[in-house]
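Assemble the whole structure, with the sequences as input and the hints as a guide.
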Amino acid sequence: MQFNFNSTEPIYLQVAEQIEEAIFARTFAEGEQIPSTTEISKEFHINPATVLKGMNILVDANLIEKRRGVGMFVIGGAQGRIVEKRRNQFYDDYVKNLVSEARKLHITKQELAQLIERGFSTK
Amino acid sequence: MSAKLKATTRYLLREQLSYLGIVYLIVLAVLIGMPLISAIFNHNLTWQLFLNSLSINVGFIFSCFIFILPMLTYDNFKLLIQNGTSRKTYWRARMLNIISLSFIGEVIAMAYYFFVTNAIAHRSFSAGFKYEFYGQLYGNFFGAHNLAGNLLMNFIFMWLAFIMLGLCGMAVGSIFSLLTKTVRRVVIIAVPILGLFFLGFLVNWIARTSIHLNFEGLAKFLGFLVGFTGDHQVGPLNPLIATGTMLVISVIMAGIAYYFNHKLKIKNA
Amino acid sequence: MSIQIHAVSQSFHGRSILKDINLTIEPNKIYGLLGRNGAGKSTLLNIISNRIFPSQGTVTLDEESMNDNDRTLGRIYLMSEVNLYSERAKLNKLFDTTELMYGSFNRQYANDLADKFGLDLTSRFGKLSTGYRSIFKLIVALCVPADYIFLDEPVLGLDANHRELFYQELIETYSETPRTFVISTHLIEEIANLIEHVFVLDDHKIVINGSVPDILERAYTISGPDADVKQYTAGLNIIGEDHLGGITAHYVYGALADDRPIPDTVKLEHLDLQKLFINLTTEKKAAAHVS
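Listed in order, the protein sequences are those of chains L, H and A. Take 1 as the starting number for the first sequence in the UniProt record's numbering and just add one per residue. Take 1 as the starting number for the second sequence in the UniProt record's numbering and just add one per residue. Take 1 as the starting number for the third sequence in the UniProt record's numbering and just add one per residue.
The set of hints was computed from the structure by calculation and includes no laboratory data. This structure is a prediction, so every number in the text was calculated from the model and none was measured. Some clues are possibly wrong.
Footprint (simulated), chain H over chain A, 3 or more residues, beta carbon under 8 Å [unchecked claim]:
#1 80 to 94
#2 98 to 105
#3 112 to 119
Computed beta-carbon distance windows for the label pairs [what the hints assert, rightly or not]:
#4 H:L179 / A:S211: 19 to 25 Å
#5 A:S55 / H:Y19: 48 to 54 Å
#6 A:F12 / H:Y19: 34 to 40 Å
Positions of the beta carbon are idealized from the N, C-alpha and C atoms, including for glycine.
Below, the structure is given as structure tokens:
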């Protein structure tokens with residue numbers, strides 16, 4: 001597992017995002033155990049309470065679950081739910097920025113559509 | 001007795017008993033070993049010489065030890081405050097320590113005197129008693145033939161004397177540990193010098209003033225403190241009065257030690 | 001349930017070292033105590049642990065005085081820069097003494113840690129290098145049965161590997177047996193995410209006292225063209241600034257102006273703890289001299 005932290009966002013949110021990203025990328029497969037709070041905490045020198053706070057976001061989002069005395073596991077269907085969520089956020093996260101940047105660069109609607117076409121055709 | 005006090009007392013006692021052992025070993029080596037070795041080299045080693053060299057005053061050695069050791073206040077304070085022990089507990093543990101060390105010291109001193117020194121001199125028990133420090137001063141207070149009573153009083157008296165010495169050392173040590181190294185050195189040098197000056201000044205002043213001071217009262221009082229009653233019936237000196245004096249001094253010294261011990265703090269913190 | 005530091009002031013030969021310090025240290029949390037050299041960190045820790053006396057104020061643990069009290073003193077441990085262990089003492093013996101005085105000591109863990117750090121327990125304390133003295137004291141700090149553990153410059157003289165090992169062990173033992181750690185250090189980046197709550201001492205006073213996320217939430221870098229930045233940050237609590245060409249960065253601590261729109265040309269970011277600390281504790285006069 002590789003975490004990249006930045007300084008501008010609260011750490012617990014970053015912990016949640018990074019684990020979510022790992023589930024999305026199937027680094028942590030459904031039904032599998034993810035690293036414990038202490039392990040993550042030790043590896044990145046993050047306060048265990050902070051890590052737990054991040055994990056709890058994922059528990060609340062129904063992506064991981066705690067099995068008493070064993071640890072945290074990825075819930076079945078978690079990856080699908082992340083995909084679903086990201087699809088819903090796609091417009092806000094990417095399209096809005098894309099259009100706004102395009103406007104600054106005087107790229108027209110047609111030109112942008114063409115660029116998207118090009119993006120899809122090159123792999 | 002709290003667990004902390006017990007632990008502190010045990011720690012200090014263990015440490016100081018080992019120091020006492022080391023001191024006795026060094027003394028044995030120096031006072032007995034050295035003459036023996038030189039005798040061997042000079043080929044004049046005799047049994048009598050060996051026995052003579054064994055006649056050392058263990059009580060005197062212990063009295064130096066019990067005065068100097070409690071002066072070493074700061075090192076143990078450092079260790080104890082690092083280990084979550086209060087000043088109060090440190091003081092209490094040191095009190096218990098001085099009392100028990102003095103007991104052990106007197107047992108050893110008495111045993112050594114009667115079973116080694118006195119035996120070598122071929123004296124009887126009761127004869128040896130009269131040669132002892134206590135015996136010479138207060139020997140017959142409980143009756144010339146009451147050896148058990150006199151010995152018991154001897155033991156209690158010397159025990160208390162050692163306690164008093166220890167407490168004096170502790171009081172001085174507690175004051176010293178509040179001073180910085182430089183100030184401590186200055187005090188060590190200045191106090192005797194100033195004392196001499198003061199004495200000289202006093203003598204000079206007395207000599208110059210025409211008034212004839214009457215020191216008789218003071219001398220009488222000091223004599224009384226050590227037990228001089230002027231009653232020749234029971235022997236010259238009364239050990240009970242001297243015991244009382246020592247008790248009072250002990251309490252005062254313990255109080256001084258408590259007061260300054262309370263102010264102990266880590267230096268260069 | 002907490003350590004309360006109430007109105008503590010300290011002065012020495014008329015020079016003020018601490019001014020009216022009020023803090024609460026709660027159970028089972030990791031705290032950072034930050035401050036520049038001479039800010040009074042060590043003095044504060046020494047006062048809390050009753051090694052020295054404050055000129056004014058009190059320290060209590062669960063409403064019981066910390067002064068001359070075995071019960072409260074036995075529940076804290078201060079690993080200090082000043083060495084209070086005897087130079088002659090063997091390390092093993094010092095473990096014995098700690099165990100005797102604190103009533104218990106995690107000997108197994110202490111031996112494990114000594115192994116991991118490569119510390120020979122048969123050596124004498126006085127023979128150790130600065131780094132290994134720190135390591136020895138750290139081992140005691142992690143194994144002693146205290147509820148509140150104060151670490152003054154814990155990684156002094158430790159190389160990067162040993163520092164890493166220490167942080168890992170700290171988290172490990174903290175996760176297993178939660179208790180309070182208060183860490184005073186200059187290596188802020190290394191503990192920035194480790195601490196839950198931070199105290200910043202500057203100019204003998206506490207200038208920051210809060211949970212780390214809350215504090216960072218209120219710390220901003222506002223950068224962009226000089227005029228735009230100045231216009232936006234006017235009236236805000238500017239704690240520092242940087243200039244590079246025509247670009248100005250203002251560091252702001254506290255609330256932003258909600259009613260003021262952020263110009264397109266201006267970038268708003270959060271500060272990290274180290275940067276915040278530097279800006280809060282730089283002497284403003286000295287900075288003016290330089291520029």
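Hints, one by one, checked against the model:
Residues of the stretch 80 to 94 of chain A lying with their CB closer than 8 Å to a CB of chain H number 5, which satisfies the three-residue condition for coverage. Chain H is given as covering the stretch 98 to 105 of chain A, and this holds because 5 residues of the stretch bring a CB closer than 8 Å to a CB of that chain, at least three being needed. For a cut-off of 8 Å, the count of residues in the stretch 112 to 119 of chain A with a CB near a CB of chain H stands at 0, and the three-residue condition is violated. Separated by about 45 Å at the C-beta atoms, L179 (chain H) and S211 (chain A) break the suggested range of 19 to 25 Å.
Roughly 38 Å separates the CB atoms of S55 (chain A) and Y19 (chain H), a value that falls outside the hinted 48 to 54 Å. Take F12 (chain A) and Y19 (chain H): their Cβ atoms lie about 35 Å apart, and the range 34 to 40 Å holds.
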